[in-house]
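Chemist: Read off the chains here:
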Amino acid sequence: MLTANNLECSRGDHKLFAGMNFSVKAGELMLVSGPNGSGKTSLLRLLCGLSVPDDGEICWDGINIRELGGDYRSVMTYLGHLGGIKDDLTAIENLRISCALAGCEIDEEQATDALRRMGLTGRETLPAKVLSQGQRRRVALARLLVTRTKLWILDEPLTALDVAAIELIKGMLEHNLSQGGMIVMTTHQELNVAAAATHQLVLS
Amino acid sequence: MILWIIKRDLLLAMRRRSDVLTTLFFFIIVVSLFPLGVGPEMNMLRMMAPGVVWVAALLASMLALGRMFSSDYVDGTLEQMLLSPVSLSGLVMGKALSHWLVTGVPLVLMAPVLGIQYDLPVEALMVLTLSLLLGTPVLSLVGAIGAALTLGLRGGGVLVSLLVLPLYIPVLIFGAGAVEASTAGMGFDAHLSLLGAFLLVSLVFSPWATAASLRISMA
Amino acid sequence: MTINWFKYASPASFYFLAGRMIPFFIIAAVILLIIGLYIGFFVAPTDFQQGEAYRIIFIHVPAAWMSMFLYVVMAFWAGIGLAFNTRLSSMVASAIAPTGAMFTFLALWTGAWWGKPMWGTWWVWDARLTSELILFFLYIGFMSLQAAIDDPRRADKAGAIIALVGVVNIPIIYFSVQWWNTLHQGASVSLVQSPKMATAMLTGMLIMALAAWMYSIVMVLMRTRMIILERERHTAWVSELKEGVSK
Chain U
26 MLTANNLECS RGDHKLFAGM NFSVKAGELM LVSGPNGSGK TSLLRLLCGL
76 SVPDDGEICW DGINIRELGG DYRSVMTYLG HLGGIKDDLT AIENLRISCA
126 LAGCEIDEEQ ATDALRRMGL TGRETLPAKV LSQGQRRRVA LARLLVTRTK
176 LWILDEPLTA LDVAAIELIK GMLEHNLSQG GMIVMTTHQE LNVAAAATHQ
226 LVLS
Chain D
30 MILWIIKRDL LLAMRRRSDV LTTLFFFIIV VSLFPLGVGP EMNMLRMMAP
80 GVVWVAALLA SMLALGRMFS SDYVDGTLEQ MLLSPVSLSG LVMGKALSHW
130 LVTGVPLVLM APVLGIQYDL PVEALMVLTL SLLLGTPVLS LVGAIGAALT
180 LGLRGGGVLV SLLVLPLYIP VLIFGAGAVE ASTAGMGFDA HLSLLGAFLL
230 VSLVFSPWAT AASLRISMA
Chain G
18 MTINWFKYAS PASFYFLAGR MIPFFIIAAV ILLIIGLYIG FFVAPTDFQQ
68 GEAYRIIFIH VPAAWMSMFL YVVMAFWAGI GLAFNTRLSS MVASAIAPTG
118 AMFTFLALWT GAWWGKPMWG TWWVWDARLT SELILFFLYI GFMSLQAAID
168 DPRRADKAGA IIALVGVVNI PIIYFSVQWW NTLHQGASVS LVQSPKMATA
218 MLTGMLIMAL AAWMYSIVMV LMRTRMIILE RERHTAWVSE LKEGVSK
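Residue numbers (this note's numbering), protein chains in the order written: chain U, 26 to 229; chain D, 30 to 248; chain G, 18 to 264.
Do not take every clue at face value.
Stated by the list, open to error - A few chain U residues that don't get close to chain D, going by computed Cβ distances all over 12 Å:
1) T28
2) D38
3) N46
4) S76
5) G94
6) R98
7) E134
8) T174
9) I191
What the hints assert, rightly or not - Pairs of lysine-lysine residues, derived as DSS-like cross-links and limited to a Cα-Cα distance of at most 25 Å, are as follows:
10) U/K175 / U/K195
11) U/K50 / U/K175
12) U/K50 / U/K195
13) U/K40 / G/K259
14) D/K36 / U/K195
Hint data in this document are derived by calculation from the structure and do not stem from the laboratory. Just so we're clear, the structure is a prediction, and the values are computed from it rather than from any experiment. Glycine included, each C-beta is placed from N, C-alpha and C at the ideal position.
Same shape as in the complex, but just chain U (with noise of 0.2 Å):
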């Protein structure tokens, strides 16, 4: 279970918010919502423990994601704006790499499937700076068939994708709560994924 306490976040002198409190449980879905520079990344950022808040804190199970360091980030996954996808390397390098990083370690064949999953047939020994913005994306959100974490922190997962690939993400996350997962998410776009419960949280 995600749990944040009092949580509080500013940018320079710029207050984004306070005093926030939720919590995520086993198979449930959170969607942030908000306009451009409402706080959406830096919440998330905060929730992964890349950044860390002015106040309150962020609990997994219980313990604070500080001391759970290395724990935490293991069952954790995290997909920015950034995918972490390399121009000079070929998907299937691409993919290798991030789940290594990632501490889940697949050999070829494992990559080529997912990658095909993801409707990249043809395309996995292409370096990836011939493929379009869409499939770069697909190319990082590969990442998700492959790990086996159970808490998925997305940040606008669904830019520059099309109606299909829409689609098949929303059977990913589908099938991640299922199993018990989590997920935090902010998106812009109207999704409707089967959740024990759908979180609402507008920033503002």
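Given the coordinates of chain U, assemble chains D and G onto it according to the supplied hints.
Modeler: For chains D and G alone, kept in the frame of chain U given last:
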């Protein structure tokens, strides 16, 4: 895990060979400029050679520091490294080692050739190569701290030189000192063992300090 | 009796406490400076080797002492700020840097002035002068790094790392420069020249060092107060302060 990082960085360097070559040619050009500046008097060149080669090596290694983390920072890979369950210090060690393999090793291999330009005796050439072999990894390791601290800052490239060059001074003194001692016919073991000691100390402390710096810069 | 030290660790209370302490340190600095200069110029005997020119050491030596001492103090507070996340200690560290750099520069400058009549040249690659020069670079690096970072929290922490790395390196650098100097047979004159210094000289130097100390405290407190005001400009107590001034 370190192997993954090294493998990846070497692969990237292979696909962008021009980056490696620019550093190497910078080194060669700087060393070749000195005789043009001070005149071709062989005795003087022989005396200057260790210092000139070493200073050029410091500058070349420092110039390549900017690349160590910045491309990973720009495309989001660095975020993923910070969020990796494996230890960040280990990853950083891999990054510094591959930086050395890509920029340091070519300098070490090229140094004897440049030493011949300066008419260094054979023993001095060997000592020069050996001192660079021990000293350049220290430059990559210590430089990593500076590169991590200046990540994403405007004017980061110039700033990193202000931070890192003073810290390079001991390596310069003992690296160039070893070659001088050998040309003067004195023992150079002490110099080399001190360089080795610097290497050990920086292997222990620098990845840790770099990891802390990265977390600060990315927060 | 237990004193609540944390009360003074909050920027607001430190601001007022420092404001009350500054006048005392100014008085102490001025008195010590007058006594020190008087001893230096009128009481201390003329050196039989170096004539009157040696009197520059009454500024040079205290400046050199302070420059080294302040770097360690700066790194200490920066490290405390990093380890315990106390904002005030990081502010103090940033406030120390310019004073430390100033003393380093002063030591180099007076060293050159002293070197000209003594060695016949403005600059000698003497081990101490060289180390002092490197220390100056370290101060400059610390200040430029902090100046380049907009976010004060990142600036504090990044500065702390570079200050601590510097402190670990200073002994190594000093030792290397020493070695390098003996190898290259540098200047044979050392700064603490005659084996038995006249007592008056030593007293003068010590008093000047105390004056430099007091001056540093004044500068650091004043600069910390400014940093506090800048960082806390959106808090209630600073706005109250501003209203009080404008009334």
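Chemist: Quick one: which hint numbers does this structure break? Sort them smallest to largest.
Modeler: 4, 5, 6, 8, 14
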